[in-house]
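> Sequence:
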Amino acid sequence: MEMLSGAEMVVRSLIDQGVKQVFGYPGGAVP
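Numbering (the numbering used here), first residue to last: 1 to 31.
To be clear, the hints were calculated from the coordinates, so they are not data collected in a lab. From the three backbone atoms N, C-alpha and C, an ideal C-beta is built for every residue, glycine too. One or more hints might be untrue.
So the derived label-pair ranges between C-beta atoms look like this [claimed, not checked]:
#, residue 1, residue 2, range
1, Pro26, Met1, 31 to 37 Å
2, Gly6, Pro26, 16 to 22 Å
3, Ser5, Gly27, 18 to 24 Å
4, Pro26, Ser5, 15 to 21 Å
Given these sequences and hints, build the entire structure.
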């Protein structure tokens, strides 16, 4: 099994769900 970081898991799950765009801003935190 491949080791993934938390960020990689989030990105892969978004891709699996068909998400095309994610909006944000540099240094911003999601509350």
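> For each hint, tell me whether it holds in the structure or not.
For each hint, the structure was consulted:
Between Pro26 and Met1 the CB atoms are about 32 Å apart, so this pair conforms to the stated range of 31 to 37 Å. At roughly 19 Å, the beta-carbon separation of Gly6 and Pro26 lies within the given 16 to 22 Å, and the hint holds. Range check, Ser5 to Gly27: about 19 Å between beta-carbon atoms, so the 18 to 24 Å window is met. Pro26 and Ser5 have their C-beta atoms about 19 Å apart, which keeps the hinted 15 to 21 Å range intact.
Of the hints listed earlier, there is not a single one the structure fails to meet.
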